[in-house]
Every structure is written in structure tokens, then in C-alpha cells.
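Participant: These are the residues of each chain, in order.
Number of protein chains: 2
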Amino acid sequence: MKIVVLKFGGTSVGTIERIKKVANIIISYIRKRYKVIVVSSAMSGITNDLIKKSKKISNNFDTSEYDVLVSTGEQIACSLISGRLNHLGYKSKSYMGWQIPIITSGTYGSSRITNINVKKINKFLKLGGIPVITGFQGVNLNLRVTTLGRGGSDASAIMLSKFFKAQKCIIYTDVDGVYTTDPNALKNAKKIKIISYEEMLEMASLGAKVMQPASIQDARLNRIDIDVKSSFSKKNGTKITKKKNIISNKIIRGISFTKNDAKVTLIGIKDKPGIAAAIFKPLSLNSINVDMVVQNISANGKETDLTFTIKSEDLYKTQKLIKKNRKIKFRNLIFDKNVSKVSIIGVGMITTPGVTYRMFQALAKKNINILVISTSEIKISVLINKKNITKAISVLHKEFKLDK
Amino acid sequence: MKIVVLKFGGTSVGTIERIKKVANIIISYIRKRYKVIVVSSAMSGITNDLIKKSKKISNNFDTSEYDVLVSTGEQIACSLISGRLNHLGYKSKSYMGWQIPIITSGTYGSSRITNINVKKINKFLKLGGIPVITGFQGVNLNLRVTTLGRGGSDASAIMLSKFFKAQKCIIYTDVDGVYTTDPNALKNAKKIKIISYEEMLEMASLGAKVMQPASIQDARLNRIDIDVKSSFSKKNGTKITKKKNIISNKIIRGISFTKNDAKVTLIGIKDKPGIAAAIFKPLSLNSINVDMVVQNISANGKETDLTFTIKSEDLYKTQKLIKKNRKIKFRNLIFDKNVSKVSIIGVGMITTPGVTYRMFQALAKKNINILVISTSEIKISVLINKKNITKAISVLHKEFKLDK
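Residue numbers (the working numbering), protein chains in the order written: chain A, 1 to 404; chain B, 1 to 404.
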């Protein structure tokens, strides 16, 4: 069987009119002789409305009942899609997680799919049926409803593709693909036709609008190609696939950036082993994520400075934790919320020397000062003053020929 | 185990505030050392909203998917009730039909409960848990979601009471019981403390606001006592029970009436066997319910008149069917939409002669003309001009001492 998994996000099924369009998209694949497995999110707005209700009932709503509550959103969407397909003369049935079953493990609200029984759905596919499966949910071994957490419907699509050995997995969303950088920040941004899982993961700050990193990682581990497309247009989207499938003359594939980082500098801390650990331990215990870190070389062998970045929203908490940390001493504590992290991403840099130099040179020419640097195999990130962000994106986009 | 089944209707769980009140009612039974099984309808409005959506998708929405769609309403209500009970420190879980399972048979949209597996719920009750079960639904043997049709949550409550051998079944609704007649029609109407299944069934026109006839019939067949109460007040409600439990000095227990009947008279039809059947067959084939029928005694042995009543909404269709019916001949066809059926109901009339006479006498004194009469063992109905309805109810209420 030539199976395609089609996943529709919340805005793609956001209104009755959109659901009718989605039914037409599904039928276009049936006409191409695919066996289609549909996965749907809840109609946009419905899940938030349910969450609001739960908060009014309790500020500490039972997690198991929370899953029972919010899982109704996908059930509604799937029955409407299936109802539409039947209306148009196609044989279709909705399936909730428990009916297949889609087995999950882990805690309520953030479970993971561990197994999918393919028997019932395969039988239905062979009879020419179109199964419409609720994304974002399953059941655990106690037969209680579980949900998969944010972006969970993407995870459902990836795991269904894996268990049903689908030829294609297409994620329909409200953007038409992944761009070299945010088109809102740079008009010249170009759609990327094909991108590797690894690059996509590094571009999370842009890609989050397209797919959650956890699902991309699932796809990477299971070697499932993903097409990201808009259900609102007929344009080609972006394919996310293995590195070796990508033939590109571009060293850099995209530029991502953040807007809500903050920089923290401790001046005059003791230069001794374990000092960084002493600083970061209470942050980690309070779920504060430290991103970039740089420690200056000690001038006198006794004292040094340490700079790191965190999310702006964690700034107040971080400040408090450092001040009451008795294991560290420092002369001065400096905060800066006017910073941005700009990253260039591309698997090409593994085999191409001089990328770092070109990046720094391009920024320097525009008088953009680099505050902190961090690198990975396929990414170079620099921290700059927030006011320079548009200029930085523009010059790097040009330097690495992303607008061509 | 001392088990009580508490059923809450749509308005009783219509808002978050109402759901919080419902949780308090449930806890009051736990404090009285009952094991409580909760059954809930959907929050009022939600089901109608879902039905609207289905109609926009298709004017002929697939019945199986319709059940998947509307069943989410009860799922939402139950998770919120259960969430509230957990919030207040009580152990509670929601259960959908498939989780128990509640097995149904019959067609989608109007299935009937055939079996309920008590194992899982009994185990939970013994552990001190409060199960909150979705009313109105179950699963069929193909593991597809089914719903029970209008008033289906009452049916769920009755069948749960049966299978769990509940000591009490309490239907919480938005009226505080059954009245001798509609309080909107007669200020003097009194609440009935205890009423038999049979009387309640005959009072369907009043009782429909309280419970659907099919559920009353289920309760009667399974000998389950029902308390009907308001979740909005602490007043005592009405108990529906076996005839022999009722000790009352009242011959008549209640007065019901209709407001949307129509009378049809065929003048000058042939007085021969089979003529009534020839008239009613096409009506029956078109699902038109004929209620009261009266055929005059033929004066000349050749011709006679036939009068019957139907629902007003069927009048146009009836007119058409009679006119194109070639098996009957008549001189004249008369319609009257200004009629009402008034019924007096009471098991007491079985053993008390003269009730019919008292009814007719009372109406005659007020110059109310009787157009058609029909009787059953515990009910006498008369058709009168609609303009006399308030007067008729008032005089009969007094005659049979219902206001005392």
C-alpha cells in the first residue's frame, strides 16, 4: 500500500469552511491513488477555551482529567472532517486513540507514543476507507486518555508514519514552509525547499511556528521525510529530510535569532574550579535554562568575570538566586535585556573552513559588536545588541548568498 | 455497598459555577456514607453548538460521526466535575462509555443500553472513589461511540441504577419536581410528592420537562425508584415509584394538556368495514400519529362522520394525504387548529366510579363543550376549544381537590 499521512493543524481546521477545504485536500490524494491516513489537531481556539474552563474549576486541575478534557478538541475536529468526507461520498471513520489503540507512556499532559496497533486501520485502508485519527493523544496501559503536550499532533503524525511505514508525511499548517530567516524581519527571506533534520532543529526559533523540535527529533530518529505545506495555498512547501539527501551549494541555509534573551555578568568572581557549577546549580534546580556562557581568562590568576545568557522572563528569578547564593562571591552583577542572539545555520560549514571569520568580518564591517560567541557543528551564534538585529540579519543574509 | 446514582442535567452543569455547586451536592452524599455514582449530561448549549457545526458540514451528517461529535459534550462536563472533586480533595475519575464499557445496541443516535460491566467501577467505589460517568452514550460491539437520543442521560442513570443495584436514583434537573398541572397555566398547581410510573407516563406532556417517557418506562420495567429534584434549590422533589407504594386519598393526581393539537373531520364517508383503516394507513406510513378518534353512529346506515386529532405540525401533510387517497370518498373535510386536549390522570379512578361524570359535569357547568373523548385505565382525555383551556384546568383542579 502506498500510504500518505496528512496532518492538519489547528488553523487548518479552524472553521467549518476550512474543514471543507481540508476534505478537498484529502480527496486530491485519494485521486492520486494514495491510501490516506488523516491526523488532525483541534479547531483553533477550542483547546484554549477548554483550558480556561479547567482553570476556573481549579488552579491545580487534576492532570488526568485535564487530558480527558482537552482531548475532546481533536475528537470534534476529526468527526467533522470524517462527516464531510462521508458527505462527499467517501468512506471515512474517525478514530480516537483508544479505538486503535495508540499506546502511550509517561505522565499525563506530556506522554509519548510507545506503540500503535496497525491492524484495525490497515483493514479499513484496504477496504478503501479514510481513517481520520485524533492527533495529540492516546491511552496509557490503564486505558486512561493521555495527551502528548504542545505540538503533540505533529508527534502523532510522525509516529503514525513510522508504524504504518508511510511513503510520505505531510504537515499542513498556516505557513507555507521554512524560510532562510523570518520574513517579517527581512523581506528578502527565501523559502527553503529542502532542509536537514539537524538544520531544522537548530532553526527552532524560526521553525517553532512550523513544527515542534521534539517532533523533528522523532522524525530524525525514525528517518521519516516530512513535507511542510500550507493548507491555505497550493505553493510547494519545505521538505525536511536526511543530510545526505540534500544537494546544495549553500554553506549556510538559514539565519535564526532571538528577541527575548538577557545577559548576566558577574564581575570579580574567584577563578577556581567549581565556581561555574556553584553559580549554575541553583538556576538549574529552578528550571532556568542557561544558554551561552563565556568566562574571561583571568588576568591576575585570582579573579575573573563570567557572562551567560538566559531568557528575559527568568531575569528576576536569576537575580534573586544569585544574590542569595552563599557559595559565590563577586564584586559586581550586571544585567542587560537589550541583547539578541543571531545564529547562522548550515551543514555545509562542517566541510567549509572560514565561515566563522566571514561572519565576524561581515558584522564588523557594519560596526556590530559581538558580546558572546557560541558554536556547534552546524551553527554559529553571536550575541549582539538588540538594536543591531535587523542590520545583522540583512548583512549575513547577503554575505552567505541566501537571497539568491 | 449503599449506592446512590446522581444524575445532573444540562442546566445543572450549565456554567462553571453550577459545576462547583454540583460537586458540593455530590459531597453531601459522600458525607452521608453513600457510595456515589455520578452521571452527567453536557453543559447546556454545548450539544446544540456541536449539532449546528454538523449541519454546516452536511445536511445529511453521517450518523456514526454525529455520535462521536456530540458525545464530547458529556466528556467535557464529566472531566470538569471530576476535576472539581479532585480539587476539593476527593478521589474521582471520569469514565466514558468505552472505558466501563457501557454496551449499546441499535442505530446510531438512538441506541439502547444492553449491558454495563460493573467490575471496574465497583473496584473504584470500594477504594472510596467517585466515578463520574458520561450520560447519553455508550459503545456498540464494534467499539464505535453511540448515543441514546433525547433524554438519553436519564436512560443512562436508570440503567446504571439497575446494573449497580443502587438504593437510590436521583435526577437533578432545573425544575423541582412534578406538579399537579403546569404552574405556568395555573398558579394553584401543587407539587406532587409521590407518583406512580404509570401516572407519570400519562402526564408526559407535563413530565417531559422532567424526564423522557422512555426513561420512565425503563425505570418501571426495572422497578427503580426515582427522585426528581432541582439542583438549584434544597426543596424536596417528586418520587416516582410503584403504584403499591402510593398511599393517597386523591382519585386524580394531575391534569395535563396539549396546545398544539389539530382536529380533522371527514363528513359523509361510507359506513363500511375497513374505512377507518383506509383513512389511517397512509398517515401511519408517513409517521403521522393519530391520537383521539371518534366515529359517529350512522343515522341512515350508509353514511357517517369520522373525527380524529393529530399534531398541528402534521396538518398540512395530513390534508394532502387525505385528498389524494383514492380509497375513500367523503362529502366534506373540516380542519380545526383551535383545539386542546385536557386529561385528568390518577390510578385512583380504577377503583372509583363516577369520575367521568364528575369531569363532564364540572366542564358543563362552565359551558365548556366537549368535542372528543378518549379514556384509558388511569386517564380521561377530552378535546375542547383552545380558548377554554385555562378555565377547564382551573375547574378540574378544584373539582378533584388538587389544590389541597
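Treat the hints with care, since some could be wrong.
Which copy? The list can't say, so a pair holds if one copy fits it or any two copies do.
What the hints assert, rightly or not - With a cut-off of at most 27 Å between alpha-carbon atoms, the simulated DSSO-like pairs for lysine-lysine come out as follows:
#	residue 1	residue 2
1	Lys168	Lys239
2	Lys91	Lys391
3	Lys52	Lys119
4	Lys365	Lys168
5	Lys126	Lys317
6	Lys187	Lys56
7	Lys119	Lys324
8	Lys52	Lys91
9	Lys391	Lys243
10	Lys242	Lys329
These are calculated hints, taken from the structure and not from any lab test.
Participant: State for each hint whether it applies.
Facilitator: Hints, one by one, checked against the model:
no.: 1; hint: Lys168 x Lys239; result: within (10 Å within a copy, 61 Å between copies)
no.: 2; hint: Lys91 x Lys391; result: neither (54 Å within a copy, 58 Å between copies)
no.: 3; hint: Lys52 x Lys119; result: neither (37 Å within a copy, 34 Å between copies)
no.: 4; hint: Lys365 x Lys168; result: neither (45 Å within a copy, 84 Å between copies)
no.: 5; hint: Lys126 x Lys317; result: neither (57 Å within a copy, 46 Å between copies)
no.: 6; hint: Lys187 x Lys56; result: neither (43 Å within a copy, 39 Å between copies)
no.: 7; hint: Lys119 x Lys324; result: neither (58 Å within a copy, 55 Å between copies)
no.: 8; hint: Lys52 x Lys91; result: between (36 Å within a copy, 23 Å between copies)
no.: 9; hint: Lys391 x Lys243; result: neither (30 Å within a copy, 88 Å between copies)
no.: 10; hint: Lys242 x Lys329; result: neither (48 Å within a copy, 83 Å between copies)
Comparing the model with each numbered hint stated earlier shows that hints 2, 3, 4, 5, 6, 7, 9 and 10 do not hold.
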